[in-house]
Amino acid sequence: MPVRLALLICDTPNPGVLADHGDYLEIFTRFFQDSIPDKEIEFVIDGYDVVHKQEYPPADSEYDAVVITGSAAAAYDDIPWITRLISYINTLAKTKPAAKIIGHPEFLPNIVNKIIDVRGSSGSMDAGTVEGGRARAIRPDDGTGIIGRTIWKVIGVESTT
Numbered sequence: 049m050p051v052r053l054a055l056l057i058c059d060t061p062n063p064g065v066l067a068d069h070g071d072y073l074e075i076f077t078r079f080f081q082d083s084i085p086d087k088e089i090e091f092v093i094d095g096y097d098v099v100h101k102q103e104y105p106p107a108d109s110e111y112d113a114v115v116i117t118g119s120a121a122a123a124y125d126d127i128p129w130i131t132r133l134i135s136y137i138n139t140l141a142k143t144k145p146a147a148k149i150i151g152h153p154e155f156l157p158n159i160v161n162k163i164i165d166v167r168g169s170s171g172s173m174d175a176g177t178v179e180g181g182r183a184r185a186i187r188p189d190d191g192t193g194i195i196g197r198t199i200w201k202v203i204g205v206e207s208t209t
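Heads up: the sequence shown at position 9 corresponds to 57 in this note's numbering, and the numbers run straight through without jumps.
If you're looking for bench data, these hints aren't it; they were derived computationally from the structure.
Calculated pairs, DSSO-like style, for lysine-lysine (alpha carbon to alpha carbon, straight line, at most 27 Å):
(1) 142 <-> 201
(2) 87 <-> 201
(3) 144 <-> 101
(4) 142 <-> 101
(5) 144 <-> 201
Label-pair distances were calculated between CB atoms; the ranges are:
(6) 123 <-> 52: 21 to 29 Å
(7) 131 <-> 82: 31 to 39 Å
(8) 87 <-> 132: 33 to 41 Å
(9) 73 <-> 49: 18 to 26 Å
(10) 169 <-> 201: 13 to 21 Å
(11) 106 <-> 166: 25 to 33 Å
(12) 143 <-> 201: 23 to 31 Å
(13) 121 <-> 174: 34 to 42 Å
Backbone N, C-alpha and C define an ideal beta-carbon position, used for all residues, glycine too.
Full structure from sequences and hints, please.
Here it is in structure tokens:
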């Protein structure tokens with residue numbers, strides 16, 4: 049059974065990126081395909097335009113993870129689509145606590161370290177991962193491959209080799 053991902057699309061790439069790489073569904077599909085730790089594992093990614101079409105996964109859908117794209121808008125902006133997105137994520141966290149919700153925010157190193165500390169103290173990250181995360185928190189050039197493998201690990205997909 050394939051890993052099922054819901055992609056909440058919160059923006060449109062700029063025209064240059066769109067022309068060279070496609071829309072966010074195409075970009076994230078390639079990103080996940082390139083970073084999956086085991087090429088034998090299949091996945092399905094469904095895109096939902098939460099800005100223009102106000103699309104969301106059906107309430108009865110069973111996704112292994114919900115991924116949120118980046119946006120030019122800030123999460124604290126008082127914009128109707130952001131308010132609805134925040135409400136959806138809060139509801140999802142309450143009704144499907146096993147679902148993984150993964151965003152694409154830009155974090156400052158101190159915020160990243162706080163997240164790492166919480167995950168380390170909860171046992172969801174081992175000591176080596178915590179140490180590596182702290183070391184990388186200050187690096188703006190941390191590669192997408194690392195991010196991709198980390199997202200797959202959060203979802204529970206790891207290499208079998």
